[in-house]
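Protein chains in written order, with the working numbering: chain R, 66 to 191; chain W, -8 to 186.
It is worth saying that the hints were derived from the structure and are not from the lab.
Keep in mind that a hint or two might mislead.
Straight-line C-alpha distance at most 20 Å; calculated SDA-like pairs for lysine to any residue [as the list claims (entries may be wrong)]:
no., chain 1, residue 1, chain 2, residue 2
1, W, Lys161, W, Ser141
2, W, Lys157, R, Ala67
3, W, Lys161, W, Ala143
4, W, Lys161, W, Asp118
5, W, Lys161, R, Gly118
6, W, Lys161, W, Leu171
7, W, Lys161, R, Asp76
8, W, Lys161, R, Glu151
9, W, Lys88, W, Ala146
10, W, Lys161, R, Leu69
11, W, Lys161, R, Met78
12, W, Lys88, W, Glu67
13, W, Lys161, R, Arg74
14, W, Lys157, R, Asp76
15, W, Lys88, W, Asp118
16, W, Lys88, W, Leu171
17, W, Lys157, R, Glu70
18, W, Lys157, R, Val112
19, W, Lys88, W, Ala72
20, W, Lys161, R, Pro83
21, W, Lys88, W, Phe64
Just so you have them, the derived chain W footprint on chain R, three or more residues with Cβ under 8 Å [to be verified]:
no., stretch
22, 88 to 95
23, 109 to 120
Bear in mind that the values here come from a model prediction, so they are computed numbers and not experimental data.
Idealized CB from N, CA, C, for every residue including glycine.
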Amino acid sequence: MADLEFETRLDRMFADTPVFDDREAFARQVVTRLERGWSMRQWTIWVAGFIGGLTGVWQLIRSGILVRAEDIPTEPVRMLSHRVMEASKMGLELSSLPFGGEVMWAAAGLSALAVVFVAMRAAGEL
Amino acid sequence: MGKTSPPANVGSLHDVELATLAATGDRPAFGELVRRHGSAVRALLRRMGAEPSVADDLAQDAFLQAFERVAEFRGEGPFAAWVKRIAARLYVRRWRKESRLVAATDDGEASEGHGGEAFAATRIDLDEALRALPASERMCISLCYGAGLSHAEAAEALGAPLGTVKSHVKRGLDRLRGRLAPQDGAAAAGRQGHG
């Protein structure tokens, strides 16, 4: 019985903690670290998504999937894929472009960027 | 008003509500939880034997970890107790890494510098009494009574046999009882006086 009383008292003593004067500063530090960690994570996702997007676009162009898309019997799709195929050919023959290959790749990069942005927004909404 | 001072509506919310908000990524809500319970977590780590600066660093780590896992908090117990358990485990991990456990199992009285009778004659608070315990007993007592771990959970966290933890707790309790006894006597006298 005495043991139980003492243990109860000990529980109470442990629960009775002082309030530190710098508790506001401590909370601020934790929130700052949280913000920093969150920013780092967002940047990591952004960079990974960007690289992934670029790789995806590159693989799409190289795989010739756009050429195979021509088999789809729908007229608009065929026209679109034909255009894209021509564009991708132009992308591969960079030297033949009137405005330079960099523009083509910048456009592809921007597309990838857009995909990443949309994905991040969607992730944020979730 | 500070930059991170919580809005009035956040300050008036219950811990469980704040935790629910934090689970959706609401950092100001979590900041309010840190403001409310930071001291308790820091105090526990100091009572476990951590240096103040180490205790503060670990408390921050514990809160960051708590934020990551806040969706797991169901409000079945106090939020502070939940974070304390996380913090205690973090400190135990660090303590074990520093190989203090092995040394501590055989260590003697941590600090008898206070002097037996003189120590007992003065009003002794818990912090002081804990400081006088051997590290292993202090750790086991803090884990079980401060962080609310069961003996089995403490044994698992410490990587020590259950029997060892139980005997550390028992010996620690006996020592604490001796050191904290004067207050009991005073309380008893006070009760008689009012009686």
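Against the structure, the hints come out as follows:
{"no.": "1", "hint": "W:Lys161 - W:Ser141", "in the structure": "14 Å, holds"}
{"no.": "2", "hint": "W:Lys157 - R:Ala67", "in the structure": "18 Å, holds"}
{"no.": "3", "hint": "W:Lys161 - W:Ala143", "in the structure": "14 Å, holds"}
{"no.": "4", "hint": "W:Lys161 - W:Asp118", "in the structure": "18 Å, holds"}
{"no.": "5", "hint": "W:Lys161 - R:Gly118", "in the structure": "61 Å, violated"}
{"no.": "6", "hint": "W:Lys161 - W:Leu171", "in the structure": "15 Å, holds"}
{"no.": "7", "hint": "W:Lys161 - R:Asp76", "in the structure": "15 Å, holds"}
{"no.": "8", "hint": "W:Lys161 - R:Glu151", "in the structure": "82 Å, violated"}
{"no.": "9", "hint": "W:Lys88 - W:Ala146", "in the structure": "16 Å, holds"}
{"no.": "10", "hint": "W:Lys161 - R:Leu69", "in the structure": "12 Å, holds"}
{"no.": "11", "hint": "W:Lys161 - R:Met78", "in the structure": "18 Å, holds"}
{"no.": "12", "hint": "W:Lys88 - W:Glu67", "in the structure": "32 Å, violated"}
{"no.": "13", "hint": "W:Lys161 - R:Arg74", "in the structure": "15 Å, holds"}
{"no.": "14", "hint": "W:Lys157 - R:Asp76", "in the structure": "17 Å, holds"}
{"no.": "15", "hint": "W:Lys88 - W:Asp118", "in the structure": "24 Å, violated"}
{"no.": "16", "hint": "W:Lys88 - W:Leu171", "in the structure": "32 Å, violated"}
{"no.": "17", "hint": "W:Lys157 - R:Glu70", "in the structure": "18 Å, holds"}
{"no.": "18", "hint": "W:Lys157 - R:Val112", "in the structure": "51 Å, violated"}
{"no.": "19", "hint": "W:Lys88 - W:Ala72", "in the structure": "24 Å, violated"}
{"no.": "20", "hint": "W:Lys161 - R:Pro83", "in the structure": "26 Å, violated"}
{"no.": "21", "hint": "W:Lys88 - W:Phe64", "in the structure": "28 Å, violated"}
{"no.": "22", "hint": "88 to 95", "in the structure": "holds (count 7)"}
{"no.": "23", "hint": "109 to 120", "in the structure": "violated (count 0)"}
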